[in-house]
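Can you make the complete structure from the sequences, with help from the hints?
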Amino acid sequence: MTLLAVERIKLFTTRSPWWCTLIALVLTIGFGALMAGTSDEAIAPLNVAATQFGYGFGLVVVMVMATLAITTEYRFSTIRATFLAVPNRPSTLVAKATVVAVLAAVVGEIAAFGSWGIAGAIKPNVDLAINTAYEWRAVAGVGLVYALSAVVAVAVGVLIRHSAGAIAVLLIWNQLVEPLVQLIPRVGDDIHKWMPFNIANKLVTGNPDPTTRDVLQGPPPSDAVLGPWPAIGVFAAFAAVLLGIAIVVANRRDA
Amino acid sequence: MIEATGLTKHYGRTVAVDNLSFTVSEGKVTGFLGPNGAGKSTTMRMILGLDRPTAGDVRIDGQHYWDLHQPLRTVGALLDAKWVHPNRSARAHLRWLAAATKLPKRRIDEVLDLVGLTAVADKNAGGFSLGMSQRLGIAAALLGDPKVLLFDEPVNGLDPEGILWIRKFMHKLADEGRTVFVSSHLLSEMAQTAQDLVVIGRGKLIHQGTVDEFIAHATESTVLVRSPELEKLGEYLLAAGAGISDDGDALRVSGMDSPAIGELAAARQITLHELSPQVGSLEQAFIQLTGDSVEYRTVETGRLAPDVAASQEERA
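Going down the list, the protein sequences come from chains A and B.
The first sequence begins at 1 in UniProt numbering and counts up one residue at a time.
The second sequence begins at 1 in UniProt numbering and counts up one residue at a time.
Possibly wrong hints are sitting among the right ones.
Some chain A residues well away from chain B (every beta-carbon gap over 10 angstroms; in silico) [what the hints assert, rightly or not]:
1) Val-26
2) Thr-38
3) Glu-109
4) Glu-135
5) Ala-164
6) Val-241
7) Gly-244
8) Ile-245
Selected chain A positions facing chain B (in silico; Cβ < 8 angstroms) [to be verified]:
9) Lys-10
10) Ser-77
11) Val-86
Worth flagging that the hints you see were computed from the coordinates, not collected in a lab.
Please read these numbers as outputs of a predicted model, since none were measured by experiment.
We put the beta carbon where it would ideally sit given N, CA and C, even for glycine.
The structure is reproduced here in structure tokens:
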């Protein structure tokens, strides 16, 4: 509990988490509003999944926030001050990942329900009641994906230690490598099915049968073969393994 | 008490600290002296468990740093005043350190008062001058009221007022019975602050003892002699087995003390205008002892070494 308090104080006494939170919310909810405002009953009627169109943008900002939370500690050597105060490096880093993940989850839930709420306000005639399990995952699942992605970002930040490098790796991987891997002849599609962020996306976009869904009716669907809950389980395991590697490395090397 | 035994640190093929053993005793200011790049900071980082020694061991009161419970209560350290987030206020910086050590909030105000930062406590640390950052670093080091304190080059880059403040502060800490281990490459500073010295060069121990011992051990004492009959006196001194060197209109005599020189001159009826024993300075002692172990020395002609010149050209 002490360590969580320490990391919470550290996170909220600088400005970047506040800015990142604000940007993530504005981007996500703003995009949700845009989609709701421009939706056309005749072509693709607005539905619950479609209100979450902006969730990928918020995800990127949340990962930047999570990366900065650890890389700025290396940049300004406060990580050394931290290890002086608490020499137990694994507990410190787990506490850091936990606090950042909780913030990411809160941002994710506000962004998701905010997007859903603003869509309802813009199109009061459309029925946006959250009824099915799929609809619940599409909205409430955003926080979980943000939280686990934040853990991945913290782990990458610990391993790379430089803000620019760590953010570049995460964004190139999330935005370029995963989509572009599909272009590899023959095996590309199979590899893509097992890429981590694509798997995580399954929780939010995974209709029992995504192929029946119009693309305009929500964020680009995941083609992962796992079901939504096994998929997020695999992504959680992936985040945990990555964090474990980061902790072993941080524990071994000189601070 | 800090005890290092056979402490060794390699960075790749570079040996930063080489089989270093020393003890820092309680209730004193111990100076940690060495030229730049001698391995002082590396040693301090190993004491604090930030760097893992390649070989050897260092303990504080018999314990490894990482085994201490809430280490800030036992050891306070100021290794670099810039180890703060520039957009975090001084108070917030102390707040998370206090939380990690389970110290009451009132302790934060106490240490801020102690270093005179109360008025700027809620300003961001990034806007602090070096002197103010240094004070914040000391406040952080004192937070847990530790009995062992480590300072790495605390007066580096400070103005005279700041230096004086730090010097007085360290004396105060030692007077309170704390163990103070302070590194510096400035000898004059050490002569004024430290009672004991650990001197290293190129990562190796050169000397451990009191400041007085260090000077006595390292400098040969000489006697300066002035006389109208300098040449004649010089011949007699040489004949008596002393070493002499010409020092303008005077002679520097070694291997013979001033009473002996005076008696010799009286016996030969030579008039003396000056007969003064010369006490070696800490500077002389230091250069004499570490002369061979300076990491980055200048070439005798005063020009830059070729590789240094080349790298500077590259940068330009």
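Against the structure, the hints come out as follows:
1. Val-26: Val-26 of chain A clear of chain B: closest Cβ-Cβ about 21 angstroms, beyond 10 angstroms.
2. Thr-38: holds (39 angstroms)
3. Glu-109: holds (26 angstroms)
4. Glu-135: Given a closest Cβ separation of 41 angstroms, the condition holds.
5. Ala-164: holds (17 angstroms)
6. Val-241: Val-241 of chain A is indeed farther than 10 angstroms from all Cβ atoms of chain B, at 24 angstroms.
7. Gly-244: At roughly 20 angstroms from the nearest Cβ of chain B, Gly-244 of chain A sits farther out than 10 angstroms, so the non-interface label holds.
8. Ile-245: holds (19 angstroms)
9. Lys-10: Hint on Lys-10 of chain A: holds, closest Cβ of chain B at ~5 angstroms, below 8 angstroms.
10. Ser-77: holds (4 angstroms)
11. Val-86: holds (5 angstroms)
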